[in-house]
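> Line order of the protein sequences matches chains D, X and R.
Residues 7 to 484 (our numbering) are what the first sequence spells out, left to right.
Residues 194 to 609 (our numbering) are what the second sequence spells out, left to right.
Residues 588 to 843 (our numbering) are what the third sequence spells out, left to right.
Hints may be right or wrong, so weigh each one.
Think about it this way: if two alpha-carbon atoms lie no more than 27 Å apart in a straight line, the pair counts; the simulated DSS-like pairs of lysine-lysine are [as the list claims (entries may be wrong)]:
hint, chain 1, residue 1, chain 2, residue 2
1, R, Lys782, D, Lys461
2, D, Lys100, D, Lys80
3, D, Lys269, D, Lys284
4, R, Lys712, R, Lys752
5, D, Lys370, X, Lys510
6, R, Lys810, D, Lys457
7, R, Lys752, D, Lys60
8, R, Lys701, R, Lys782
9, D, Lys446, R, Lys782
No lab work stands behind these hints, which were simulated from the structure alone.
If you're wondering where the values come from, they're calculated on a predicted model, not measured in any experiment.
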Amino acid sequence: MTEQLDEALAREYEAGFVSDIESRTFEPGLDENIVRRISAMKDEPQWMLDWRLKAFALWKEMPEPDWAHIQYDKMDFQSISYYSAPKSMDERPKSLDEVDPELLRTYEKLGIPLIEQQQLAGIAVDVVFDSVSVVTTFREKLLEQGVIFCPISDAIKEHPELVKKYLGSVVSQKDNFFAALNCAVFTDGSFVYIPKGTRCPMELSTYFRINELNTGQFERTLIIADEGSHVSYLEGCTAPQRDENQLHAAVVELVCLDDAEIKYSTVQNWYPGDENGKGGIYNFVTKRGICHTNAKISWTQVETGSAVTWKYPSCILKGDNSIGEFYSVALTRGAQQADTGTKMIHLGKGTRSTIISKGISAGKSNNTYRGLVHMGKGAKGARNFTQCDSLLIGDQCGAHTFPYVESRNPTAIVEHEATTSKVSDDQMFLCRQRGLDPEKAVSMIVNGFCKEVFKELPMEFAVEAGKLLEISLEGSVG
Amino acid sequence: MSSWLADTITQAQTIDDWLSPKRAQSLALLEATNWPNRKTEAWRYTPVNKIERATFKQTSTLQDIATHIPNLDAIDLVFVDGIFDAAASSKTFPAGLTINQLADGKDHDWALESFKNTKPDRHFFGLINDTLATQGCIIDVANDTAIEQPIRILQSFQQGSQSHTRILMRLGKRSSACVIEQLQGDSLSLNTSFAEYQIADQAKLEHYRLALQCSEAISIGGSHFSLGEKADLDSNLVGFGSQLSRVDIDIIHAGESAHSQLNVIYLLDGKELFDLHSAIEHTKPHGTSEQNVRCIVADHANAIFNGRIHIHRNAQKILAEMNNRNLLMSDDAQINTKPELEIYADDVRCAHGATIAEIDEKAMYYLQSRGISRSEAQVMLSFGFINELVDMMNNQAIAQWLRPILRQRFADMEIR
Amino acid sequence: MLEIKNLQASVADKQIINNLDLKINPGEVHAIMGPNGAGKSTLSYALTGRDGYEISQGSATLDGEDLLEMEVEERATAGLFLAFQYPVEIPGVSNMEFLKASVDAQRAARSLEKYSSSEFLKVAKAACKQVNLPLSFLKRGVNEGFSGGEKKRNEIMQMILLQPKLAILDESDSGLDIDALKVVADGINSQRDGKRSFLVITHYQRLLDYIKPDFVHVLADGKIVKSGGPELALELEAHGYSWLESYDRNAEDESE
Chain D
7 MTEQLDEALA REYEAGFVSD IESRTFEPGL DENIVRRISA MKDEPQWMLD
57 WRLKAFALWK EMPEPDWAHI QYDKMDFQSI SYYSAPKSMD ERPKSLDEVD
107 PELLRTYEKL GIPLIEQQQL AGIAVDVVFD SVSVVTTFRE KLLEQGVIFC
157 PISDAIKEHP ELVKKYLGSV VSQKDNFFAA LNCAVFTDGS FVYIPKGTRC
207 PMELSTYFRI NELNTGQFER TLIIADEGSH VSYLEGCTAP QRDENQLHAA
257 VVELVCLDDA EIKYSTVQNW YPGDENGKGG IYNFVTKRGI CHTNAKISWT
307 QVETGSAVTW KYPSCILKGD NSIGEFYSVA LTRGAQQADT GTKMIHLGKG
357 TRSTIISKGI SAGKSNNTYR GLVHMGKGAK GARNFTQCDS LLIGDQCGAH
407 TFPYVESRNP TAIVEHEATT SKVSDDQMFL CRQRGLDPEK AVSMIVNGFC
457 KEVFKELPME FAVEAGKLLE ISLEGSVG
Chain X
194 MSSWLADTIT QAQTIDDWLS PKRAQSLALL EATNWPNRKT EAWRYTPVNK
244 IERATFKQTS TLQDIATHIP NLDAIDLVFV DGIFDAAASS KTFPAGLTIN
294 QLADGKDHDW ALESFKNTKP DRHFFGLIND TLATQGCIID VANDTAIEQP
344 IRILQSFQQG SQSHTRILMR LGKRSSACVI EQLQGDSLSL NTSFAEYQIA
394 DQAKLEHYRL ALQCSEAISI GGSHFSLGEK ADLDSNLVGF GSQLSRVDID
444 IIHAGESAHS QLNVIYLLDG KELFDLHSAI EHTKPHGTSE QNVRCIVADH
494 ANAIFNGRIH IHRNAQKILA EMNNRNLLMS DDAQINTKPE LEIYADDVRC
544 AHGATIAEID EKAMYYLQSR GISRSEAQVM LSFGFINELV DMMNNQAIAQ
594 WLRPILRQRF ADMEIR
Chain R
588 MLEIKNLQAS VADKQIINNL DLKINPGEVH AIMGPNGAGK STLSYALTGR
638 DGYEISQGSA TLDGEDLLEM EVEERATAGL FLAFQYPVEI PGVSNMEFLK
688 ASVDAQRAAR SLEKYSSSEF LKVAKAACKQ VNLPLSFLKR GVNEGFSGGE
738 KKRNEIMQMI LLQPKLAILD ESDSGLDIDA LKVVADGINS QRDGKRSFLV
788 ITHYQRLLDY IKPDFVHVLA DGKIVKSGGP ELALELEAHG YSWLESYDRN
838 AEDESE
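Bound conformation, chain D alone (with noise of 0.2 Å):
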């Protein structure tokens, strides 16, 4: 079954292609010099590079992380280009029409007609191609209700009072290495701010291309969702396939204010390199979001892609009774490896969290889920709950598990589940005696198996997520 399982495996990333773009690419190499011109490039205020430059010197000082569960070779920061964009990009776009078609068939192929999507579903999307945000749809329809959703470049220039306020509150500078990185080099990212009392009209979404070779991607995200606010935001990603390891490392802030809510999903497809381990992006992002009173956090994310991912998206349960979630899917195969889980810090009294991993490992890859549940002394009657549930699809890859559990607060109550599993032959002939082929079936029990996280993802994505496992499993069922 095994070798059926392998052949149904062999995939082509869909999403590898390269478009011919015309760029300007800084030269490779980082010093305090390139910090100052990504931020003359954007036209920064003074305080920005300021704080661009307090973070380069921070990051200097600090050693590359290798606790986790990942091997590779280490970076060489200075052979990366740090920023690209299109020369067509050089006078921002009025409008799409103005949009280099290039670009716009770029995405188009990846299967995000933009113009389309406008008239389609009530989706609002920032697109963001190597450094920069080459537009932002329904940007004015939106704010007549108050919602900001921009370019977090623009919101710099445009809105310095809440940049300054949140940017870098929930992640600080020296959080660590790769957070530290981003706050030097960040080029462009989306920025949202949902007023006090609304209900976010659609779903936002930005979706990050890597196109040009050599360079990084060091995207920022803020969200903040004022005061009984509700917001669902969805981004994904993709890059085209090359023998070279990219680096993107990205940092996402959430600030959940009193009552507010904010659904976080992600679907990550980056070119994960070949069977081999040749080529593939390494993902180290840091993401993580603050709930004051009874707010409410989620993050739900399928990964597939990535050569090394290393991401945990977490929350900070500060206000009483607020909720933090984390729902993952994250499938490894051929040589990917993923290290990949959350933080839930709980320091408010009735905090409540709920964490469901599922880790599905073919080919040679190894993913671990890695996850700390921790009760602080003012957690009074909060609870955690946690499932970590991984498949191991053929006998080369690895499925590991490292949850920190830590309490200080005799009434707060953790449970943790953790169990492992195989496709079984009894299931997979069910299945193909009943004219499925092996394809099929294997998607259709590992769909199964993710059942509880797809859930959990807004009703269109739910769709797109559950294809994207079946075309990963084509090459992946080891």
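Starting from the structure of chain D, add chains X and R where the hints point.
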């Protein structure tokens, strides 16, 4: 470098005996290893700087420590402050059982081979024990021998003492035995006490580590087992915390179809700390392992558990389970637990669970509604929580001896 | 319809089926009876192509097509259905999703258009009703938490939905009380249309009270040792399988 560590290394360099070739390896490792701090994963929650601050010297005033276990007719090997007490120890052994002092190991090739063979090098204080342990014993059970009488290695520690002991045991094919490692002495002392067990094919070991040093004691040690084909281990650990108590248990399934069971109880009070690291290594197919770790923490105490199940590549058809349950009884106590799985084979069934909870309020209410006081009900429920594991102990004398001791400890914990 | 010639099948290098011959014509119902360990389930797994069941010799064709060359699912879409003795549980995958995918595969193989969701729901509901399963079963995980009887009825429901040419029913009666047995038998009988064939594998005669076979075969030591009409089943009922063993010995004695 820590001055304590520097002194240790200096002292180790003066030791010259039959184990010297092995000790040299550890010494080299030790010199290359940093003194553990909070960034050292294995010592994340357990500060060791207390060792630096304390001063240890040999004492001569004997104290009386209640170590007698009624109805336990054991072969006793007694150590006081790490030195063998021949007068208090048994002198005759049944056929098939050979016991020697560690110093006499040079006459036994297997002993040199098994020294440092089962205990992994990753344990910092294990390396220290490698270099400094000159006292201890060598226990050899011949093939096809059932030793009915339990073997008790009793170690008591007095104020100010520092000691390092090592036990090496070989259990022959198809043989069986019961070993009890009993450690007592609450005053300020430092000991590292490591034991390595080789359990041959189809042999069966029943094991107890009674780590009952409280309050000021600093006690660091480990019991490490290697299991042959179809070997069977039933290991029990009872721990009371102290200012620094650390136990490492490694169970290596080196042969196919071996079975191991590890049951652990720990009860912490005051400012005590108890840190258990367990690792079950399934290196061959068809093994089963089960761990039950239960812990109750009161007052300002700190309970640490790091449990690891590691299924090696091609070790298929493994059943491994780990269950960790904790009760936190005070606002100032803490629990830090990390149940890990590391799995490289697909046709296995592994599960772990960890819970931290209060005493079940429904049960509490039920008992109270029958007129039982809250504190009494708490003792009953807490005791029930761990008594399940005491009931599973095969040796009734130990179980009977432990029950009132545990009950008393609960009562003490509740008074504060 | 089904033609098995000189079939030899083994599991883990142990030969279970020895030189078995069997021919089933369209519309016929054949029963295979035999003691435990006779190779009844092995035969059904070998025909449907379960991994680990090796065919060392012989042939098996369905409407002239070589079954043994096909993958498991190809045999299924060619019209071969197996009602399992012990249906496996698949947590998280709903029965509905599973059935739709199965029916889609069958219809694609027959160049029929896929059912729309609403069409399928209608068909599935009807099938559910026919085997007396509540509609809520469609939403539950495949066989997850089903009782033994519910699992068996679920198997029959699948047969009704998939419309096979030949259905192998592996001990579909085991563990059922008389009422459940009747539901299962009625479900099977409803599918007898003069063209569809059945191979009923059973240990006991009682199922054959409800599903009248055209032929009864006795399987022992991996081969058919006796064939006859429905009366053979009654004979077995009366004399038990030990009578067979003496039959076997006699046969051996005679050959010596």
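> Can you give the numbers of the hints that this structure goes against, from lowest to highest?
1, 2, 3, 6, 7 and 9
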